[in-house]
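Visitor: Sequence:
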Amino acid sequence: MATSIILISNSIFAENTSMTSTSQTQTEEFTTLSIVGVGQVYYTPDEAVVTFRALGQGATAEEALSVSASKASAIIDSLKNLGIADEDIKTSGINVSPRYDFDVKPPKIVGYEATYTIVVRIRDIDLVGKAIDAAFSAGADGMYGVQFTISDEKKAELTKQAIKTAVKDADEKAKIIAESLGMKIVGIKSVSLSSQPIIPIPRAELVFKGVEAEAIPIEPGKATIS
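For the sequence shown, the working numbering gives the first residue as 8, with consecutive numbering after it.
Simulated from the structure, these hints should not be mistaken for lab results. Keep in mind it's a predicted model, so treat the numbers as computed, not measured. Where is the CB? At the ideal position from N, CA and C, for every residue including glycine. Hints are not guaranteed to be accurate.
To be verified - SDA-like mimics (lysine to any residue), calculated; alpha carbons at most 20 Å apart, straight line: (1) 97 / 74; (2) 97 / 77; (3) 161 / 56; (4) 191 / 178; (5) 171 / 199; (6) 161 / 51; (7) 87 / 76; (8) 162 / 131.
Claimed, not checked - Label pairs and their calculated CB-CB ranges: (9) 163 / 133: 19 to 27 Å; (10) 192 / 51: 35 to 43 Å; (11) 89 / 184: 50 to 58 Å; (12) 70 / 99: 20 to 28 Å; (13) 101 / 133: 25 to 33 Å; (14) 70 / 133: 35 to 43 Å; (15) 194 / 101: 53 to 61 Å.
Please build the complete structure, drawing on both the sequences and the hints.
Guide: Quick look at the structure:
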């Protein structure tokens, strides 16, 4: 999926070579040209973000939370055993809701359900399949789609490349336009940069258990910063 740093709104001064002379005073006429340069860089994602959920049911809210928390702890331990760092694993939400029997009137509460949501950043794409398998083997009840993204370091590097490409593009366009109009570029009036955030590449939600890591193909594909 393309993301963009659409550069450059570049205003430049172009000199009109015609001049008027009055009492030996020369007046130069300037025109401002506005140029948009675009830079595009392709990249392969080097990180993935996966969200797991752990469900628990019980006669009381406390019991449901206990079951869910136990599963969540096992999932987290299984991910750490793969070498995923503590700071890359976080609990993003804990929810508890009553379960009703709607066959009776009025509906009657018959128990509670709790959900732990765990978000994991995987900095090695090759570990994604193993992490999914480990989480489900440890008791995960579901998984929200894998999102492929890039590290902050790679993002900064690619952003610089995109900007340089966009600057070059704007410069070449400015020269062509000025030459076609019989003008000469004499300076830059202003430069502005507009950007959009890099959007993670999503994958569909998967809900399964008992699938071997080797059976989970992971292909992050390519995207662009432009």
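Visitor: Going back to the hint list, which numbers does this structure go against?
Guide: none
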